[in-house]
Each structure stands twice: as structure tokens, then as C-alpha cells.
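Trainee: Since each chain comes alone in its own frame, lean on the hints to assemble the complex.
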Amino acid sequence: MKNNNVRNVVAIGIGTALYVVLSFIYIPLGAIPNTGLMPSLSIIAFFSAVFGPVVGAAIGLIGQLIYSLITGGVWWSWLFPMAIPAIAIGLFKGKYNVKEGGFGGRQIAVFNIAQVIGNAIAWAFLAPVLDILIYSEPANKVFLQGIGAFVGDIIVMGVLGTILLAAYSKVSGKSAGLKKED
Amino acid sequence: MKLLTYTKQDTFVHHLSGVTKLFFFLLWCVVSGLTYDTRVLAVMIAVSMWVIWDSRAKWEQFAGIAKLMAFFMIINVVCIFFFSPYIGCEIYNSRTDLLHLFGNYTITAEQLFYSLNVMMKYFTIVPSAFAFMVSTDPSEFAASMNGVGIKYTAAYSVSIALRYIPNVQSDYRRIKNAQEARGIEMSGKAKPIERLKRTSSIIFPMLFSSMDRIDVVSNAMQLRGFGKKKKRTWYAGVPLSRADKTVIVLCIAFSAAALWLTFYDGNRFYNPFQ
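Those sequence lines, one after another, are chains A and B.
Final position of the first sequence in this note's numbering is 182; the numbers increase by one with none missing.
Final position of the second sequence in this note's numbering is 274; the numbers increase by one with none missing.
For reference, chain B alone in the conformation it holds in the complex (with noise of 0.2 Å):
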């Protein structure tokens, strides 16, 4: 299974450069993070759905990690709720209640409501965060960073991070396989300890080829004469198309919109309970 690669495809979002979709990125997850207005969340979450339609990502490529994604954000709500079951209400200042369940807890219509904002924030991110994966090329990324002034030698260390990811994962499984097979229990029948100290006998050979890895590819970086000069030019590298700087445009005035409204009644919460 082929997990967050870069396929190559004739899509809007794989044209972009690796730089707007960064930017986008970031701005998203500026917004997503400041934002509680439902209004601006659900904008962000169709946008992002559109996103991820458009780069063809197949839902067998990232149908794991949306699993464990979900998994994180029931225990995260669950959470809340057992903490602190009426923070809805003193978000919103109003109380309805639903159903009690026992003791001290009752279900409100505002800590639901509460809840729903909680994880519509997951959604405003992830999809894009798939479609960013597979339509980025890592050289190109590589360049386009560079050229809006970060350091070459930064911008090769995300490139390549991106790059040996595919790499690693396949060491992994493979490397996994071979220890089952040897008989080492990685399932959760172990103890916590227990478990720990048997993934060390995957992570030990996993760092060990990495180690390896590590020197192969420096030595062949310096042998091209990697990090001699201040500056370097790319192959990859294309200039910001017309639709890039249109996105870009789009975005700073979407968030621009989005963190007006979201705060100019002096509170970053959308209140439909008054």
C-alpha cells in the first residue's frame, strides 16, 4: 500500500507551487486554531473537502490515518466532557438541558454544541493536510521554499524528510513482518513495558539502516558539492504562476474575513443561544 507519496497528476492543486500550499496550510491552521465561529469553521471544512477532491487522493491512501484521527478526537471530546461537562455553558452563558445521565452530569445542548466546534476544527485541516502529501513534489517544494528566502540548507532537510518518508515506512513493515515472524509480540496482549521494549527491536534496526542512509546520501551531497556556496539554483524550481498569486490573495482574504468576524463581538465563540 502506497501511503503519503507524490503521484504526479494534471489537477489545480498539483499545479500550484509547494509554496502556496504552504501558505495556505499555515493560514489555515492559524485560523482553525484561533476560530471558534462555526460559520468560518464550516467555510474551512468545504474548502478543505474540495481540496482533497481535486488532488484525486484515493481513500485507501490515508483511510488509516483518518481512523486513528478519529479515534483521537472521541477520546478528545469524551474528555472534555468528563472534565469539564458544563464548559459549553459558560461559553455560550446559557443553560439546556438534554438527558441527565448521573451524578453531576447532564447533557446540554451547549456542550454539544461546544463539542461539534471541537471537532469540526479536526476537519478544517486534515483533508488538505492529504491533498498537500500526495500533489507536492518534495525538489519542488525544496525550491519553491528557497525561493521565498528560507535557508537552501532548511529547506533540503523538509525535502528530504518528505522524500525518505515512503522509504521508511516500507522499512518498517518489512522489518515488522520479520520480528512477528521471529515470534516477538507487538499486539496488545504485552504489558505497556513489555511492548515498549520490544519495539526497540524494531526501531533498532530501522535506526540503524537510517544511520547508514545518513552517511550514503551526505557523502554523495558533498561529493556534488552540497553546501559550498551561499546560494544554489534548483531544477525543480518554477516560478509563482498567475494561480498561484491569485490563491495567495484569496487566502489572506479569506483568513482576514474569517478573524474580523470571528472577533469583533470581543469573543471568538459564534453564540447561537442568544
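With the rest of the complex left out, here is chain A (with noise of 0.2 Å):
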């Protein structure tokens, strides 16, 4: 238990730094404006699953704020909602086996039902809400950017979430070395 705690702490931190870094690659989608797919989503769709809900929350919480601090102040009403896709993914960590090599169709299936769950809560309904009410903006603007996030966020976490955590799992688990034999 005290172990878990430990690496917990330390993962957020490490977890936090990629987030950050990673939040500098971002790839237009063109359609809707001011929106588009942003890889570091992966890394806490990644963290959730292989640490739980905590660890992936408090990366998407600590990293977004960190990122829209150096990038142009903070849209409270966008930065909360991080947390929701990340304790829906992180919920059912343990049907993932990310760890022990068993990542496969099953697992991905109920990875990205938690996931697009998740993100439509937070993008498609919470975020253009908040904006309305804390910042005063259009809501047609807002929810149209607030579905473009939608989009955006499950294409990057079902492509590249779900390629990162069978990779990892792939070869994490191989030190387990037995395989089933049908």
C-alpha cells in the first residue's frame, strides 16, 4: 500500500512533466476553429489506465494548469473538466491487465466506452456550460467548440491511447514470459 503511495506521487509529477510538454504538439483538424487533436490527451487517458483515476485527474488538473498558465491564462471552465475523462477511464483500471500483458479486444472496448462516456460529459455538455456562466461568451461559439473538443478528444485517446497502452502492455507483460497456449 505505502509502495503504490509512493509511486503514485512520483507518477503524477513525471506524468504532469509530459503532459506539459507534450501539450506543444497540436494538430488543426480545420473544421471548427480553435480546435484539434491534441496527443498529450493520450498521456492522461494512459496514466488513468495504468494508475487509476487519482493519478490521471491530478495530471490532467496540474498539467492543463501549468500549460494554460505559460500559454494564456487560465479558462477555469475548460480546465475542470479535464479530470472527468480521466476518472472514467481510471475507474476500471483493474479490468485493463495494462501491466500484465493483457491489453487486448476486450480491454479496449471497455477503454474507449469509459472514454468517449467521459469525454462527452466533460466537453460536449460541462465545458461549454461553465464558459456560458463564468466567462459571459456566445454559447453558440461555445458548443460548437465544445462538440469539436469532443471529437477531437476521442479520436486522440481511442488512436492513440489505445496504441500506447497495447504497446506498453505488450512488452511490460513480457517479463511474465507465459503465454497460454490454446
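Note that these hints are calculated values from the structure, not bench results.
For clarity, every value in this text was computed on a predicted model and none was experimentally measured.
Any given hint might turn out to be false.
[What the hints assert, rightly or not] Which bits of chain A does chain B cover? Going by a derived footprint, with three or more residues having C-beta under 8 Å, they are:
1. 15-26
2. 41-47
3. 149-163
No residue lacks a Cβ here, since even glycine has one placed at the ideal position from N, Cα and C.
Mentor: Structure follows, in C-alpha cells:
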């Protein structure tokens, strides 16, 4: 138990550093202004699936806070929802078996269902509503941005998150060296 | 190029405790988020500019990020204009046409003024954020966060994050150069989904080295007994000085005044059109 506690403290720290650095990669989608693919989100998905909801949510919140402080001020309305996909993914940590090398078809399905639901709550609903309440920005703009962010995030977490988890699971599971024969 | 690394300097901003700066910062963010009062924003920008000047941050250290910020800022303002070209008129309850563009789009003085306020919000925070990053020693910051009641494990997570950002940054550069040398195209020439898959060729080695680093660092901390007791003492801890207390009091006074000035007429916008 103690052991895990120290690992989680370090995982939050280093995961946050990774998230902040990778946040500077940004792939515009073109269709909707101000939204695009942010590969750094796959870090949150990865750490949530491996270390659980607390680590994932902390990386999302602290990392996004540091990143937004150095790039243009904090949009509180887009900060707090960061935690929700992480929690949604992390809740099923026990089901993924990432470290044991068992991240396969069923686990990928659970992971993706969790991330789509989490992202939907966070970006298509919570962030735009907070935007209107806190910043009195125009409603049609923020809901369009919210939908854009939702689509971008499920693509990133779905494609990149799944690739990373599957690859890491394959490699880290190897140390066990045993495979069930058919 | 060194980016957001702490460098030891002998300035007023460097001597302040990390917690004082964090406190300043959070108040600054809250006030800047709540107010649309142009006068308040102008004062806040002046203070922010002074802070970054005093911290002796070099322009090269944050030029890249500043450009990114300018890019987002302009997109945001343009976006607001195209989605609701007359939100400024609604807010300030008047309309002064300046230039007719096309169709339903006319540039009005109110919209320009609203956009100016939106842009000013960026400048209130960003310079002091840079100053914070280059003037705060992560160890001292962890100690002072713990000093004001934040759990020391949480303080340590933040401190580790700040400490490892430069390392992860140099990892990133090295790996990106190596991948490009192998002919993996990372620039805008590829399609979005293709580029997303290719970034995995950078993220994956970084993630691996980070997972190793987590093992190494957490083992080292465990060997030194981290997490065994409820409390710990700090090597880098310094009690709050008189300057710290003065700054904290001034911050509270300023925020209270700013919020009063913003809201006393029942509206968060400063209206020069009436």
C-alpha cells in the first residue's frame, strides 16, 4: 500500500511534466476553429488506465493548469472538465490488465466506452455550460467548440491511447514470459 | 535552448516565497477571469509587466510560447466576431458602426472594445506566469506549499513536475530529431490522422523512458523513507518574510478593490459608451 502511494506521487509528477511538454504539439483539424487534435491527452488516458483515476485526474488538472498558465491564462471552465475523462477511464483500471500484458480486444472496448462517455460529459456538456456561466461567451460558439473538442479528444484517446496502452501492455507483460496455449 | 527552468538570481521576485507567488497568481487568475473592467485589466497588465521585467526572464526563453499565445488569442477574437458580431453591442447597449464588411457583418466600436478586453485578459496572466516559472525553486516551492497546509505528498508531486519539465523537454527534442533523421515526417504535410499516428513514434519512447524514470525516482524516494510519516521537514523551507506578507496583503487589498470597482454598478463590464 505504502509502496503504491510513493509511486503514485512520482507518477503524478512525471506524468504532469510529460503532459505539459507534449501539450505543445497540436494538430489542427481545420473544420472547427480553435479545436484540433491534442496528442497530450493520450498521456492522461494512459496514466489513468495504468495508475488509476486519482493519478490521471491529477495529471489532467495540474498539467493543464501549468500549460494554460504559460500560454494564455486559465480558462477555469475548460480546466475542471479535464478530470472527468480521466476518472471515467481510471474507474475501470482493474479491468484493463495493462501491466500483466492482457490489454486486448475486450479491454480495448471497455477503455473506449469509458473514454467516450467521460469526454461526452466533459466537453459536449460541462465545459460549454461553465463557459457561459463564468465568461458570458456566446452560446453557439462555445457549444460548437465543445463538440469540436469532444470529437478531437475521442479520436486522440481512441487512436493514440489505445495504441500506447496495447504496445506498453505487450512489452511490460513479456517479463512474465508465459502464454496460454490454445 | 533553456525554457522554463528555474535560474538563481538576486531579484525581488526571486526572493519571494513560492507560496506568495502562487497566491498572487491564483488571485490574479480569479480577478482576471471575473472582471471585464478595462481599468482593472490595465493595472493588472502593468503589474504583470513589472514582475516579468524584475524577474529578468529572457525573451528567447519564452518567445516560442508567446507566439503560440498570440496565435490562440487572435483566433479566439476572430472566432467571437464571426459567431456573434454584435455581442459587444448587446453588452454595452449601444451601437456605433465603423466599417461594413459583408452581409450581416459590420465592425462596430463596441465589438472592438469587447475584443480589446478579451485580449487584455491574456496579457494580465501570461507574463507573470513566465516570471513564476523562472523565479521559483521547485524544492522551495514544495516546502512553502506544505507550509500553508497542503499535504506534502501533493506538494511533492507538483515539485517533481516542475523539476522534470526541462528534462522531458530535452528528451522530446532528442527523440524528435532521431525520428526525423529516420525519415518520419512530422510537419504539416501529412494528414491529421496520419500525423497523430506518427506522433506516437515520439510519445512512445518518451513514455517508456518516463515509466523507467518513475521506477527509479520512486525507488530512490522509498529508500529514503518518503511517505512513512505524516509530516516531514524541509531543507529548502524558508519562513515567510516581511516582503512576502506585504505582497499578500497588497494582493488581497487590490483584488477586493478591483472586484468592488467591477461589480458596484451590478455589471462586470466597464462601459465607456454611455
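Trainee: If a hint holds in the structure, say so; if it doesn't, say that too.
Mentor: Against the structure, the hints come out as follows:
1. 15-26: holds (count 9)
2. 41-47: holds (count 3)
3. 149-163: n = 5 at 8 Å, threshold three: holds.
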